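Participant: Put together the whole structure using the sequences plus the hints.
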Amino acid sequence: MIKVMNLRKTYRGGVRALDGISLTIPVGLYGLLGPNGAGKTTFLRILATLLAPDEGQIEVFGCDASRQAADVRRMLGYLPQEFGAYPTLTVTEYLDYMAILSGIKSAAERRSRIYSVLGMVRLTEKAKSATRSLSGGMRRRLGVAQALLGDPKLLIVDEPTAGLDPEERVNLRNLLADLARDRVVLLSTHIVEDVSQVAPVLAVLQQGHIKYVGSVSDLLRRADGQVWTATVDDLTAAQLRTRHALVGSVRTVHGQQVRMVAASAPVPGAAPASPTLEDAYVALMGGAGV
Amino acid sequence: MTWGIARYEMKMQLRSLVFWLALGLIGLFFYSELVSEPMGEVQAVHRYQENPEGAKKFWSPEAIEQFASLGANGFDPTTEANRFADRMQIVFAFGLLFTTGFMLERDRLTRSRETLAAHPVSSREYILGKYLGAVVPMLVASAAAVAAVIMVHFYANAQLEQSSQWLPFVRAWGLLLVPTVIYGGAVVMALTALFSRAAAAIPVYLAYEVVGGVAPIAKQILGIWMWVARTETLRYDIWSEGLGTLLINRGLYLALSVVLVAVAMWAYDRRLRRGDVA
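Taken in sequence, the protein lines are chains A and B. Letter by letter, the first sequence follows residues 1 to 290 in my numbering. Letter by letter, the second sequence follows residues 1 to 278 in my numbering.
Since the hints were made in silico from the structure, they are not lab data. Treat each hint with caution, since some may be false.
[What the hints assert, rightly or not] DSSO-like mimics (lysine-lysine), calculated; alpha carbons at most 27 Å apart, straight line:
| # | chain 1 | residue 1 | chain 2 | residue 2 |
| --- | --- | --- | --- | --- |
| 1 | A | 3 | B | 11 |
| 2 | A | 105 | A | 128 |
| 3 | A | 128 | B | 11 |
| 4 | B | 11 | A | 153 |
| 5 | A | 126 | A | 3 |
Remember, it's a predicted structure, so these values are computed and weren't measured experimentally.
Facilitator: Structure (structure tokens):
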């Protein structure tokens, strides 16, 4: 279990990235949502002991992250938002190097772990390829593989599905859900669908504050009665766009079929719809970013 | 863990174009030094008198032929060995800038810093591994260079039915070139750890080497007299008073290397603590 208490971080220049974040993250898959600039990456870097907070405390499975950073890193698997691998090494060489850095001393154990994680991320056939020859999606999977090498109790993945094709995204989401059975998997993303498919619990960050913490079902319940669909002409659609958060728009032979978030029916004839997590997220953020 | 890091850093070094370009440049200097003038000043006079044109055009067939018949007037092994080590110190000092200078820069260019920093490896182990990964291939290259010179020396003197010795070469390599490579690598490692970009370390290193390090001739020409210039024991050259002074000199360089690698570890650790991992 991870306990985060009153975390604050302000960068030089006065940019306040985190402003009093407190969270308890249980074992399982935990989603972290928020628009770009919400403070997600700063939060993850502090959690990964890469950045010191100005205030606050983090406890990772009983270890104080600021005083026992090395112990926390031994329990950590981390995939940063910008992941890069050494281009002149092959996939297995790169993973072997990362396994050495993870503290796995036995060459036989490293080899066994490498092929195990390569299997998990479906990269076994690329084991002998140079990392520079991998596609963007494969490189992302390699990033997940290196994070899994030390069999971490805490796995932090920052935007893991960026650049992946739909099939790869589904595979990766399923893998993360699988891994979350006996560890904390913290999935940070701005893609709501990634969280909606696998995370039962989530936190939403906005401008360094926690906007929501709770279950996905509670967040969906909050949005009940706030999601509407209607078929309107182009002019009405444009007017709606200025007043409400439009989450979908499909052109049909009868006009534009729009899906929007609003407290009450935005146009006569608008029909209420069941909210998706994306609708609920947009409703929570007050239409920000739409 | 340190040796594991060093092993992969060496592997990357050997697959790096920069490394082979640096070695190529060293080889070019080495070849031009061998061919453009013979070993030893007294012999050089004879040699130039015999064939001044061929001596200058070191890529020409005549030069290669001359290269093969080096030592037409006989070489003194000690003079040759010292001269070899003296010149090689200078070219290796500059070669180290490109090889060692790239070790930490590689992490930034490949966007690996954040991933690496999240591993439970200490700055001490990581920097030492990187340093060894940079310096060991250069030491091997310097050993290959001295082996080549010994072969040329033996071949040339055999043509004249004169005796040859390998010990002065090995001694010059061990006492002069090896400490220079160890020290030069440590200087570059410390500078690149202190600056967040290797490019910022280049002018500082070049200024140090030209003014205070490998080129006392530059000091003579420019008339620069800094404290390092006045101190016999703090320069790379071979103009020491005797073996005792030389050993003190080299001992100081090795001790300074330890200090500089420690500085690199401290600077890298400070960088991590500041959260400078992007």
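Participant: All the hints need checking, so say for each whether the structure fits it.
Facilitator: Do the hints match the structure? See the list:
1. Between the alpha carbons of residue 3 of chain A and residue 11 of chain B the distance comes to roughly 41 Å, so the proposed pair goes past 27 Å and is violated.
2. Using a Cα cut-off of 27 Å, the hinted pair residue 105 of chain A and residue 128 of chain A holds, with the two alpha carbons roughly 22 Å apart.
3. In summary, the hint linking residue 128 of chain A to residue 11 of chain B is supported, as the alpha carbons are separated by about 15 Å, within the 27 Å threshold.
4. Distance check on the hinted pair: residue 11 of chain B and residue 153 of chain A sit about 31 Å apart at the alpha-carbon level, beyond 27 Å; violated.
5. Taken as a hint, the residue 126 of chain A and residue 3 of chain A pair is broken in the structure, with Cα atoms around 38 Å apart against an allowance of 27 Å.
Consistency with the previously given hints fails for numbers 1, 4 and 5, ordered from lowest to highest.
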